Amino acid sequence: MSCTVCLCDTELSQEDKSILDEILAQHSLQESSLIPVLQETQGRLGYLPRPAMEYVAKALKVPFARVYGVASFYAQFHLQPRGKHIIRVCQGTACHVRGAKEVLKAFEDELGITAGNTTDDLEYTLEVVACIGACGLAPTIMIDDETYGRLTPRDVRKLLRQTKRAAQAQ
Amino acid sequence: MKSISLKINGQELRARPGMTILDVAREAGIEIPTLCFHEELSRVGACRLCVVEVGGGSKLLPACTTPVAEGMEVLTHSERINARRKALLELYLSDHPADCLACEKCGDCRLQDYAYAYGVRTIPSEGERSQRQLDDSNPFFIRDMEKCILCGQCVRMCGEIVGAHAIDFTHRGFQAQVAAAYEMPLQESSCVFCGNCVAVCPTGALIPKGRMGQGRTWEFKTVTTTCTYCGVGCLLDLQVKDDQLVDVSPGDGPANRGKLCVKGRFGLDFIHHPERLTKPLIKKDGRFVESTWDEALDFVARRLLEIKGAHGSDALGVFASAKCTNEENYLLQKFARAVLGTNNVDHCARLCHASTVVGLATAFGSGAMTNSIPEVKLADTILVTGSNTTEAHPVIGYLIKQAAAQGTKLIVADPRRIELAEVADVHLQLLPGTNVALFNGLAHVIIEEGLVDEEFIASRTEGFDALKKALAKYTPEYVQKVTSVPADLIRKAARLYARAERGAIYYSMGITQHSQGTDNVLAIANLAMLTGNVGRPGTGVNPLRGQNNVQGACDMGALPNVLPGYQAVANPELRAKFAQAWGVDLPEKPGMTITEMIPAALSGNIKALYICAENPMVSDPDINHVRKALENLEFLVVQDIFLTETAQLADVVLPGTTFAEKDGTFTNTERRVQRVRQAVSPRGDSRPDWQIICELARRMGYEMAYQDPSAIMDEISSLTPSYGGIDYGRIEEEGLCWPCPTKTHPGTPVLHAERFTRGLGKFTPVEAIGPAELPDDEYPLILTTGRNLYHFHTGSMTRRSEGLDWRLPEGYVEINPGTARDMGIKHGDMVKVASRRGEIEIRACVTPMVPEGIIFIPFHFAESAANVLTNPVLDPVAKIPEFKACAARIEKVASLEEVS
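Quick mapping for you: the protein sequence lines, in order, are chains A and B.
Its first residue numbered 1, the first sequence is counted upward by one per residue in our numbering.
Its first residue numbered 1001, the second sequence is counted upward by one per residue in our numbering.
Isolated chain A, as found in the complex (with noise of 0.2 angstroms):
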C-alpha cells in the first residue's frame, strides 16, 4: 500500500478486547503497569498475541517496540501460543549426565516439533529449563505439575501416549 499513514485496524478480536479493557481499568494508564497488565493478559489469553500488545501499547502510550522489548526480555512471557499441557524436560547438570538429550529427542520426535515450540493442534508445548530440582530421579521432565523421573525416550512415547489417552478420556 502507498499510504504510510494508516493506523491500521489490528485483528484484534472483540473478546480479546474486552478482556483487555477488563485488565486496563484495574490499572493506571502509564508506564509503569506495562509488567502487570502484560502479565494478566498472559493469564486470560494464555499467551501474549501481538494485536493484544498493540493495544496494550497504545492505551498506556508506552511505544510498542519497547513493550515487544520488554515481552521479549522475560522468560515468563510467551509471544506464540501455548499448549494446554506444558512440558518441561530438564537439562541441567545431573540430567546431562544421564542422558537428558535423548529425552528431549524422543519428546521432539514424538510431537514433531523442537523446543521451545508448540505443537500445531495447541495440546502440547515443549520447553527446556535447567533445573527442576529433582536430581535424584534425573533424567527428569514435567507435564504440567507432575514429574516423572529415570526416564529413557522409550518411556517417553509410552508416557505421551497415556497422557493422550488420559485427555480423550476426559
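Keep in mind the hints are simulated off the structure, nothing from the lab.
The structure presented is a predicted model; accordingly, all values stated were derived computationally and were not measured.
Where hints are given, some of them may not hold.
[Unchecked claim] Pairs of lysine-lysine residues, derived as DSSO-like cross-links and limited to a Cα-Cα distance of at most 27 angstroms, are as follows:
#, chain 1, residue 1, chain 2, residue 2
1, A, 61, A, 17
2, B, 1492, A, 61
3, B, 1492, B, 1377
4, B, 1241, B, 1279
5, A, 58, B, 1377
6, A, 17, B, 1826
7, A, 61, B, 1377
8, A, 58, B, 1492
9, A, 101, A, 164
10, B, 1628, B, 1283
11, B, 1492, B, 1481
12, B, 1221, B, 1105
13, B, 1221, B, 1209
14, B, 1826, A, 58
15, A, 158, A, 101
16, B, 1589, B, 1308
17, A, 105, A, 158
18, A, 164, A, 84
Fit chain B to the known structure of chain A by using the hints.
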C-alpha cells in the same frame, strides 16, 4: 549556586552542581573515551569505556554518570584504567566481525579508533559469535547487527530526540539486539527513516546505502551547506568524491544541531538524476530541440524585447523562486523591475504565506516568525495549528515532541488527527475553514475569565476595546456549533494557553491557505497579544515557512508591491533610492500577484512569463485553468533543473543548477541568513540561475555583472536595511537572524522585544465567514490538502529520489472508515475524486486520521493532482487561494484486487 572544585589528572577544575565527571572533563578538553555517550541523550552508563579512578578507590566509576563532588580527585588514564579499557574493547571485538579492511566505517569508527588508542592488536577469535542476517530491506541504510555493540545511542536518538520510538532492545543476553517490535522491517514500524540513528552509530552497524563502495571517509571532501527542502534551514555536510555527492551527514546548524529528516539525509540523489536538464531547449514545431546558450539566450532576449515593445512592460511577468538563493531572487526582481520595467514579479509565497506577510505586518509591523527555532523548548504551552509539523517541518516537529515529552503543554488545532495530536494535551478537531471562529472563541474565554495580560495590552497594544466588543458573541457554545469543537475543550485550551508563562503559537498553511487566510492570521495575533505572548523568548507567533528560501524570496522583494526589505514600490523616496542604485527609472504601479497573472494570461493581458524554478502546473489551484492560461501565452520561458509539468509547456527551457552546484544564501523560517556552498560542478551545460539572469539582462541591454554571489549580497545589504549588516564573512560560521542593520549588530532572534516593529501592536477584530465552498448534495465532502513527510512540494525533486519514491510512489486520498463504509470503499481501492473544477483518480487510504465527511489529499503527485480539484477563490487582501477547503465527492472506480 556554589561551584564545586575538583582535580582531574592533577588539574584544578571548577564545576557546577549536577555535572558529571565526564561533563567537567569535556569542558576542560580532557579526552575520555565513550561509546554510548551523546551529549543530547540520556546517560545510561552502558559501554563502561569511560571508567575513571576516583580518589584511589578500589572501584572504577563511569565518568558519564558519576556526579562530581567537592574535593574529588580523578584519574582518567592510569595504567589500571587503560588495562580495563583494553579488556573491554577486546570483549566488544570478540563478538564483532573482523572485517575492518572492507568495512565502510573504517576510518570513522569509534571502536576501531579506541582499539588503536588502547593497543588492541588482534581481534580475539575464541568463543561464540552472533550470527545475524544483514538487514538490507530498505533503500536508505543497511543494518548489520553483527557489528552492533548495543550502546543504545540509536534507540535513545529514535525515542528521545526524534520521538519515533521505532526501535528498542529486544530479547536478552547473547540474543539481545536492537530491533523494531517483532524484528519487523523498519518500514512496517513507526520508523521515519530520518537516519539520525545512522549518524550516531559509533560502529559499522548502520551504514547509508548511497555511500557503500564509494570510497573511504578520508577520500571525501566535506562541504557544509543549507538544505534545499523545507524552511527549517538544517545545515548539511555534503560528502563529495570525484565531483559526485556520495553521502550526506547532518551539520551542526542552529536549527538542526546534528539532526536531519529523511529528505535532507537521503533525498538528495535527484542532483545526479539522469533526467537533469543539461542543455537549453527551444521548442520548434512543437518539439524541444537542444541549443547552445548563445542561441537560447539571444532568442529569449529578442522575444521579451519584442513583446515589451508591442504590448508594454506590464504584458510581461516573472515568477521568482522560493527554491533559489537570496542573490538569485534579488536579481530576478531586479530583472523584472529594471530590465523588463514591470512590478509583475511574485513567487510561490503567494500560495503559502501571503496571508502571514499581510496579517502579521498589520498586527505587528513585520510578517515573519517572531522567535527562533531553538526557543520551541523554552515554551510552557505550545499551540500548533494548521501545521502538520512532523511531516512538513520534521526537525521542528522533533523539538515540539521533545518539549511535550518534557512536560510542555501541547494544544493541537487541526481537522486531522495528525501525529502531534497523538501526544497533545488537547486536540481541537475543527472543521476545515472555521479557524477564525475557533480563535475568537479562545479569545472570548480568555477575556471572559480574566486571563488577559492587562499590562501588556495597556502599554504595548491598541484597539482592545473594539476587539472585546466584537468577540462578545463568540461564546464556546456558539463556537462549538460553527467548528464542531466541544465547548469544554475550547475552555480548556484557552486556559492552558493563557495561563502559560511562555505561550507560543506555531502555525502554517492550514491557517494561511484560506479565502479568510489574512483573518486567520490576525485572529492568531490577537490571541498572542491578549496574553502578552510576544517579544519574549519561548513565546511568539511563529509561521513555519514552507520552502527553504521562501522567507528570503519575500525579503528580496520578489513580490509585486515591495522592493527588497519590504520597501514599498509605491513610496517615491524608496523607489528613487533603488532607481539611483540600479541606474534606471522604476515602475511605480504595484504589479500583479501569481494568482492574478494566471487569469491575466488567459485574458491576454499578460503575453509572456518568465518562470524560474516554480511549477504552477502542480502547485497552483485549479490546474486545468492554469494550463489554459499558460497555453494562451505568446511566450513562456522556464528555468529549472528538470523538465517539469510547467516546463513542458514552455517555448524555451533554460537549465539551472541545484543548490549543491552553486554559492549563495538561503533565509530560513526563523529569518536566519545561512550560506549555501557549491559542492559539485554544474551538471552538463547547466548554469547557476544567477549567471543565467545576468547573461539575459546583458543581452537585453542592461549591464548586470557580479564577480560572485558574495558581491550580489553586498549590493543587497547596501539597499536593504534589515540585511544591512550581513556579508559572507560574517555568516561563514553561523547564520544571522535579520533584522541585522549594521556590521556589528548580532542579529535579532526575538522580534518585537521592546516595541512592535509598527510601534504598538494592533488588535483587529475579525468575523468568522468560513470557506467559500461548502458541501452540498452534489459534492457532500470537504476536501483539504497538504503534505506528506516523504515528498516535497510538486515532487520534481523527491519523486526523482530513489528511496523517497520507494517509500511513497503514488498519491492517496485519506478517508474515514465510516465515510468509506457508506461509499463501499475499501483500503487500497482506486477511487475518483471530483470537485466543480475537475476530477482525478487516486488510491483510497482508509484511516481514522480524518474525521467523517472530510477527505485529505497530499498535493505532490502530478498524475493524481489535488490541485485539479482545489478552489482558486482568493483571500481578498493577500490573494492566496483556498487550498484547504473545497467541496468534493468520491466514488469507487476499481477494487484493490482489480488494480494490483
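Going through the hints against the structure:
Distance hint between residue 61/A and residue 17/A is fulfilled; the C-alpha atoms sit about 17 angstroms from each other, no more than 27 angstroms. As the CA atoms of residue 1492/B and residue 61/A are separated by approximately 22 angstroms, the hinted pair is consistent with the 27 angstroms bound. The suggested pairing of residue 1492/B with residue 1377/B holds, with an alpha-carbon distance near 22 angstroms, which does not exceed 27 angstroms. Annotation: proposed proximity of residue 1241/B to residue 1279/B holds, straight-line Cα distance about 24 angstroms (limit 27 angstroms).
A distance of roughly 26 angstroms separates the Cα atoms of residue 58/A and residue 1377/B; the hinted pair therefore holds under the 27 angstroms criterion. For the hint pairing residue 17/A with residue 1826/B, the CA-to-CA distance comes to about 23 angstroms; that is within 27 angstroms, so the pair holds. With a C-alpha separation of about 22 angstroms, the suggested pairing of residue 61/A with residue 1377/B holds against the 27 angstroms cut-off. Restraint check for residue 58/A and residue 1492/B: satisfied, since their Cα atoms lie roughly 24 angstroms apart, inside the 27 angstroms limit.
Among the hinted pairs, residue 101/A with residue 164/A is consistent with the structure: their alpha-carbon atoms are about 23 angstroms apart, no more than 27 angstroms. For the hint pairing residue 1628/B with residue 1283/B, the CA-to-CA distance comes to about 18 angstroms; that is within 27 angstroms, so the pair holds. Taking the CA atoms of residue 1492/B and residue 1481/B, the gap is about 17 angstroms. The hint holds against a cut of 27 angstroms. A distance of roughly 16 angstroms separates the Cα atoms of residue 1221/B and residue 1105/B; the hinted pair therefore holds under the 27 angstroms criterion.
Restraint check for residue 1221/B and residue 1209/B: satisfied, since their Cα atoms lie roughly 18 angstroms apart, inside the 27 angstroms limit. Proximity of residue 1826/B to residue 58/A is assessed by CA-CA distance (about 24 angstroms); at most 27 angstroms being required, the pair is judged to hold. For the given pair, residue 158/A sits about 18 angstroms from residue 101/A by alpha-carbon distance, which is consistent with the 27 angstroms threshold. Between residue 1589/B and residue 1308/B the alpha-carbon distance is near 17 angstroms, which keeps this suggested pair within the 27 angstroms criterion.
This hinted pair checks out: residue 105/A and residue 158/A have alpha carbons roughly 15 angstroms apart, not beyond 27 angstroms. For the hint linking residue 164/A to residue 84/A, the alpha-carbon distance of about 12 angstroms falls within 27 angstroms, and the restraint holds.
Taken one by one, the earlier hints all hold for this structure without exception.
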